[in-house]
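Q: Here is how the chains run, residue by residue.
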Amino acid sequence: MQTNLKIALRFLLAKKRSMLMSLVGIAMGVAFIILTQAITSGFQEFFVRTIIGTDGPMRVEDKMFQNMTPAVGAVDAQGRPVGSVTVESNRKYQEGVAEPRLLGEAIKRFPDVTNVSAVLRGNIGIQSATRGDAGQVFGIELDDHLAVSDLAHQITIGGIDDFRRAPSGVLVGSVLANRLGLRPGDSVLISYAGHSTRYKVSAIYETGIRDIDKVRVFMHMQEARILLNRPYGATYLQVGLRDINKAPEMAEQVSLMTDHVAKSWQEREQIWLAVFQFFRVMAAIIVFTIIVVSGLGMFNTLFMIVMEKTKEIAILRSMGFTRGDIGFVFMMQGMMVLVLGVTIGCALGALATWGVSSLPMPNTGLFAADHIVVAWRALHYLGAASASAIVVLIASLLPARRAAELEPAAIIRGASQ
Amino acid sequence: MSAINNKDNNIIQPENPAGEVALRCEKLVRHLGEGEARVHVLREVSFSARRGSVTAIVGPSGCGKSTLLYLLGLLDRPEGGEIWIGGRDVAQAGDDERTAIRNEHIGFVFQFHFLLPEFTALENVMLPMNRLGRWPVAKRLDWARHLLDAVGLGKKTHRLATQLSGGEQQRVAIARALANQPSIILADEPTGNLDVKNSAIVFDLLTRLAKENGQAITLVTHNPEIADRCDRVRTMRDGVFVD
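One line per chain: the protein sequences are F and U, in this order.
Going by this note's numbering, the first residue of the first sequence is number 3, and it counts up by one from there.
Going by this note's numbering, the first residue of the second sequence is number 975, and it counts up by one from there.
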C-alpha cells in the first residue's frame, strides 16, 4: 500500500503542472460552492428567523364549515335503495376568528404550544405632518404578542414600555416611518372607512424585511377594535411553538381539532422558501460546472500519464505488481488531487465566507441588514467535498482501469522492436 | 564484489540448490497477430532451465525467442502446452497467481532497463521487495544496498535512474531482478543496448551473481560472443528449437 502510494505520488509530481490546473479548478469550485451556499442559506435563514419572529411559526385563521351530504344513492333494478356514500360537497369559510379567547385557550392546551396572541388586522391610510401613505394596522394584546414574536427586540428607536404606557400609541415600521418622516413622539392620523383618529408614535421597529417594515403599524387591541369597528373577534391567532420544525404537524392537528384553518410558517411562506431553494440549487449547479471542467482536465492528464507510463506499468507488472496495484496507483493520483483540492477549497471557502460576511449589505430593497448574511453549515462543506469526490472518482476510474488492463508482454514487445 | 555473500546477520543468505530444474515448458504453442497477419510464432516448443546454469537462446529476429521468454516469465499466455515452475503447471493459472509467481520466483532484465525514472537506484531495487513484503524494511534496505554494491553502484544508490548511464541503469536492473532472490532470471537481450565494454561487464555480473545464488538464467541474445560464454546454447528457427 505504502509503495503504491509512493509510486502514485512520484507519477503525479512528474505531471505537476497539468495536475496543478485540476487542483486549482477543484479548489476554486469547492470554495465557490461553499460561498454561494453560505450566502443563499444565510439569507434564507435570516428570512425564516425574521418571519417567524414577526408572524410566528403558526397562524390560526378562518373557521371552516363542512357540509356533509349523502350525494350518491345506488338503487337496484326496482328502484329500491341499496346503499349510499356520503361525500364532502363543499367547504365554507367564515373569515376570521369569532371567539379568539376561547379558541386561544383551546389551542394553548396543545403541549407544543407556548402562547397565543389574537391579532386584529385592517387596511388603513396613515398621514404624518408631511405626507400620507397606505398601511395595515395590527391590533395586539402587547404581552401576548411579545410572547409569540420578537417585537420587543425589533424596536430600533424608542422603547416597548413607551408603547405599553400609551393607550393611543402606535409602533411604526422603519421604512414607513422614514417615508413619512416619523419619530417617536410624533402624531399621526390613521383613517379607516372614512373615519380618522390621531395616534402618537411610541417607537419605531425594524424586522429587516422591507415588505413588512413599509406597511405595518401596531396598536393596542382596544384601540384597533374602535378604529376598525370590530368590537369582537380577531383576524387570526398567532401561535408560538416549542419546536418550529413541528409546525406542519401541529397545524394539521389544530385544524382537525378546532375546525379553523391553521397554517404553518412553511406553508405560509412556501413561495419565498421555493425561491430561496431555487437560487441555492441554481448557484450550486452553475458553480459545479467549474468542478466538472476540472474533472475533465484531470481525466485528460491521468490518461496522458497512463499513455506515457506504459513501460513503467509493464515493468511493475513484470516484477509482481497486480492489476489492482496499478489501478490503485492511478486512482490514488486522483484522490491526492481531490484531498488537496477539497482541503484548500474548504479553507478558501471559509475565508471567502468570512470576508463576505463583513462586507456591508447592498440595498436590495428586500432585506435590511448591516452586513451580508451568511450561514456557517458543515453540510455545505460536506456537499462541496462530495460533489468533487464524485467528479474526481469518475475522472480517475477510466484511466485507472485502462492502466490496470494493459498487457505487459504487448508493451515490452512493442518497446523492444 | 562478494558483498552478496556477506556473512553479516542482516544479509539474507540465499539457498543454492544448484542443478535442480527451476523452469520447464512442454509443447508451447503461440500465435501472434490477427486475421491474415496471424503468425505461428511457437510450434510445440519444449525447454528447461537448471539452477546455477546459464542458457542462451539464439536465433534470427522473429524466430520466437522473446515470445518464448515472455511465456516462460508468465507475462503472456500460451495457446497450448505446459509451463512448470516450482513443481506446478502454471501455464493457465489465474492472473493473480501468475503475478505472485513473477514477484517471488522470477526476475526480469530487459534490453531497455525500464527503471522507474522518478525513483532512485536504491528505490528501484527495493520495489519488488516492497511488493513481496517478505522482510522487514531495514533488511530490505540492507539487501538492496548490498546488491547495488555488488553491481558496483554502492556510491550511486541515491541517484535517480535518469542520472545514471545506460550501463549503470542496466546494472541497477540486474540488482532489481535479483532483489527477491528468485529461482529464475529471464533476460531479453540484456546487453543489446550497450557498448562492448559495458556488455561484458553486465553479462559477467549477471551470470556471476546468479550462479552464486543458484539461479537459473535464461537469456535471449543476438550476440554470439555472449552466447559462447553461456553453459548451454539453444538455437531457434521458425518457432522451434533446431538443436
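It should be emphasised that the hints constitute simulated quantities derived from the structure, not laboratory data.
In this text, a Cβ means the ideal position worked out from N, Cα and C, and glycines have one as well.
Please note: incorrect hints may appear among the correct ones.
[What the hints assert, rightly or not] Below, computed lysine-lysine pairings styled on DSS-like, alpha-carbon distance capped at 25 Å:
1. F:Lys202 <-> F:Lys8
2. U:Lys1185 <-> U:Lys1171
3. F:Lys8 <-> U:Lys1185
4. U:Lys1171 <-> U:Lys1113
5. F:Lys265 <-> F:Lys216
6. U:Lys1129 <-> F:Lys8
7. F:Lys313 <-> U:Lys1130
8. F:Lys216 <-> F:Lys65
9. F:Lys8 <-> U:Lys1171
10. F:Lys110 <-> F:Lys313
11. F:Lys8 <-> F:Lys18
12. U:Lys1171 <-> U:Lys1130
[To be verified] Label pairs and their computed distance ranges (CB to CB):
13. F:Gly326 <-> U:Arg1012: 42 to 48 Å
14. F:Leu22 <-> U:Asp1217: 29 to 35 Å
15. U:Arg1012 <-> F:Val341: 30 to 36 Å
16. U:Asp1178 <-> F:Leu22: 55 to 61 Å
17. F:Leu22 <-> U:Gln1137: 22 to 28 Å
Q: Let me make sure I understand: some of the numbered hints might not hold for this structure. Which ones are they, in numerical order?
A: 1, 3, 4, 8, 9, 10, 13, 14, 15, 16
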